[in-house]
Amino acid sequence: MRRTVFSLRPVPLLAGWLCAAAAYAATFGAVVPIGGHASDLALDEARGVVYVANFTANRVEVISLQDRTVRTSFNVAPQPGALAISPDRRYLVVAHYGAWTAPGTNRNALTVIRLDDNSRQTFAMGFAPLGVAFGADGLALVVTDSDLVLFDPVSGIMQPVGNLVDLAAQVLPVPQGSMPPTILTASVAASGDGMQIYGLASLEEGVIRYHYDVRRRLLTSFAFTASPPVGPRVISPSRDGSSYLAGWGLFDPDNRLISQFPNTTGALERGSHAIDMDAGVIYAQFPSAISDDTGEPEIPTLLVLDAENLAVRERIRLPENLAGRSVLNAARDVMYSVSDSGLMVLPVGSLGAAPRVAALHEDLVFRGNVCDRRVITQDLAIVDPGGGATNFVLSVDAPGISVMPEAGTTPMIVQVRVDPATWQNQTGTATVLLNIHSSAAVNIPRPVRLLINNRNPEQRGTFINVPGKLADILADPARDRFYVLRQDRNEVLVFDGATQTQVAVLKTYNTPTQMTITYDHKCLLVGHDDSQFAAVFDLDTFEKQPPIIFPFGHYPRSVAASGRAILGLSRKADGTGTIDVVNMATRRATNLPSLGVYENKLHVNTVLAASPNGATILAASADGSVMLYNASADTFTISRKDFEELSGAFAASNYQMYVVDNHLLNASLVPVGRMESATGASSGFVFVDQGGFRSTTPGDAAPGVIQRMDLSSAAGIRPTRMAEAPLSPTICSSSKVRGFTRTLAALASRTAVVSLTQSGITVLPWNYDAAVAPPRIAQLVNAADMSLPVAPGGLVTLWGENFSPVNMATQEVPLPTALGESCLTVNGVAVPMLYVSSNQINAQLPFNMDGQAMLVLHTPGGTSDSFGFTVMPAAPGVFRSGVAGPLTNLPTVLRAVNGELVTGSNPIHPGDRIVIYAAGLGPTEPAVEAGVPAPCDPLARVVIEPTVTLGGVQLVLEYAGLAPGQIGVYQINALVPGHVPLGMEIPLSMVQGGGSTTLNVRVVD
Amino acid sequence: MSLKYIALCSLGLTACLAQQYEIGGTAGAGFATGATVTAPAGTATAGFKSGALFGGFLGHHMYERVSGEVRYTYLMHDLKLSAGGQEPTFGAQAHALHYDVLVHTRDRESPVQPFVAGGGGMMLYRGTGKEAAYQPLGEFAYLTKTRDVRPLLSVGGGVRVRLGPRLWLRAEFRDYITPFPEKVIAPASGASVSGWVHNIVPMASISYTFQ
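Taken in order, these protein sequences are the chains called A and B. Okay, so the first sequence: first residue is -8 according to the working numbering, each after it adds one. Okay, so the second sequence: first residue is 543 according to the working numbering, each after it adds one.
Computed from the model, here is a short list of chain A residues facing chain B with C-beta under 7 angstroms:
1) ALA875
2) GLY876
3) LEU878
4) GLU891
5) LEU892
6) THR894
7) GLY895
8) SER896
9) ASN897
10) VAL995
Okay, the calculated bits of chain B under chain A, using three or more residues with CB under 8 angstroms as the criterion:
11) 675 to 681
12) 723 to 732
Hints were generated in silico from the structure; no laboratory data involved. The C-beta atom is built at its ideal place from N, Cα and C for all residues, glycine as well.
Same shape as in the complex, but just chain A (with noise of 0.2 angstroms):
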């Protein structure tokens, strides 16, 4: 029997999430009173029954599936803690508890009932069973508290298997409010095969797992410590027997830890749960160990967790606590769980029609600019899930924000509308929850992140939106690409360096840490505080790897590779920290007897980072330790203490230089320079070359800090304000690595720089820093056609220098009015822009402007010399942004009856219908705001209508107006007449409102 510890550590999870709930809202699930304390049930589907064994009224309750009422009742002896129904439905084994103190006697007894009539016979037992299954053979494995005996029901038979010594089942009679998983402290449960048997038992001290092999009648056990304790006191294994839960833990067939939930009391008596492995699902209730300071209890909460890696996916409300066993119906639709009042019923398989309340976004970014204050309003949806009306209400507790309607019944979309100007003074990101609330839906949604941007020009770096909790960021050595560790989701999200887009998502074990890419850059391992396990990832093909295992008890939350071996800091549940070795080639990590001539005991909160040429891996500690492991020697040579606490960032050199926190560290870790702090808080640092790149955060809602690093002089180059702060060493305490971030990372292609910030990841060009020029405007065009004048909601095209630090291009609807760092404005309007680059910018001019016009640039190097420029009612242009096969730059004219380009090939002919793209045609009926895509109901027609004519003839005008859907680009539909000119160069033309346009097109009859 092997002895070891594992165990959970309480940390701040989304509280607000857990607490939103209201008082009095809809709950799922039905309840069973039945008068007394249950201990355990059996389903029997062929009757339409499930037993539930009446602990404190000695009996047990024949309950209907059908209506859900007491059917009948079975008195038993007393105390039945146990029961379970054999493979052939013939016999009920009830075990009764009967360990009494002096003067009562013990009581210990099992029965049999014969199902088929009802007949019952007891079996007085010397020790006290505390639990019972039956496996595939028919037998019963009865776990006592000294011993485990096979019983034959048909003839009477108990066979010693085993001995379980000084399982710690509470003597009777108990305190006041003494619940059976308390009194009994042990659950065992078959597979739904009958050919694994998986128990969990309280020790004197400690615990101990046993599983019973039914077909080799084999009996191996595992004691350990944990904390908190190990509850629920339910084993769930799933049906082909591959994983069970056993407390808060989810196991493998071997008792290797797949993964832990976190965060929760380990109370005995509350919680249960069932695993539906063919869904992928775990239906569990954990209680929690976070307190919403509120007083009030703690919602009973059903979790639909991934059964993976039990990521949360949906939060329910129950009724009441469950507490004990759950069993599911062979159909899976239909959950049994034991519960406070005694029997719950949990129709999960129609959970999804079950009313309920989400928002469509996790988030909801608002991106102010120095040219728009304007309020920005953005579209939520709220949804019921299985497609339902549901009632709700939504709230949020922050100044200048509201919602319209703040309730109402889905779907719907709401109006979210941020007014600026409240934000003004702060120019990074805040960050406000949306609560959603609802008394009809039984879900507990999550709240909407409401991300308000408020950036000055000279601020860098473009932000993107990436929902969740990120935890850490590496970029590929090998390839374009980065990896973001959302946490929450229990995910890997793969980043294409060129785009920026996310291009994969890999499922890791629970609460993953950090990561780290192997020497041979072919794996990405991934560290995790609540699994036994590194993730282990092919980079080629993103298939996920048999995965490293950790000695049981370890969690290894930081893993680096050098160029030898990979080393892996491990939690210990003593709360030290401890240093483990993988081997690859096993997928099993050993612990390292000492550190080279130092102990293997270190602070729990401790990082490593490896060098990139995988020479060294630097392991800083929270409590001011920092050690260096060197690949050549094979061991770890330095140990130093120089400082009293240490956080934020932690890297390592190629060129043996090292940074933690704000110090900066030799080959020797010896301080040799400390960073500036008056830019705020360490958060992130990336080596490259012999310099570096260092970013600092004074708060959460102001611009963090972004430097290059002369490493020399550990001074910082060029500091400058990104658009958002990085996490900061507060936020990323929550990911567990407490105090510790690594949130820079630099693209091997060396384009960009990339930060974890607030509302996700800031991405920054490589000279991100390089002097910037005031913009100049140096002409203003029809972006269609290239040609002047313009006219109102016109699309145009500005040509000048020092526009933008980056090329960037928009799909945002509407358009947004800060583009790559740059803004502008026409008369002092902000205009809604499509794309920038250093020396160009398409945007689309307001409508509801007229004559002479001025247009003024912001930009991080500044703002332009006004530039004034004529609108005209009306200026038609048709695009010249047309392609057929290699041909470019053709005109936007379409025949209807092939929908291809007019071109020599594709000739107009008499009678054809024609479509025109074009672009300034001026205001509309009814009026669009410019930057929004035009409707389709109704259609948006020109003010001024045009007339279309072909070689002089007239077309007949069909429509005029903008595109639906489209955002400043007009639609003309025109009947070619019978009788119009032929030959290869005949003059399209197109007046309105005194201005004019003339193409050559090839007409042929």
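Mind docking chain B on chain A? Use the hints.
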């Protein structure tokens, strides 16, 4: 063929209306020469793919050794353009309608009658393919779905063999010569095409004579 000879034949037609007539059907194949398209990008060859032909004629024998006939020929004649290893094609057809004078080397009752023929008329070229905004070799010319009527000069010859008292078999050929159809194969902007199109059309015909 000289203008003088055509005028003589026309006089003969009027004079011999009461003479022998001949009606027949014909089938064969057409082989057309191409023309060179010159463009800034280089040169390409524009022309027609070989194809089958069908037709008919109505003739009259004005003199012992001179006859005339009106002929209609339908040619399956896809357009093509060739340059740089590419050869885009485009569905097309041609219709020839012309009058030929035939001069026979033997009397009209002779069982084997070699003859030479010449005449003129019109050729209608029609592009019928599927139009698309992009066509390969578009820098040279566009194969176009339209029609183009061009004058036609017909020269040829053959032999007429008696199969029965009124039934004849003819083996003959024509060269239909037309100016290049610049509407259906339209030179691109900056390109030009020159030359004539020779449609060499060997045919076999069955005809029937009557008074």
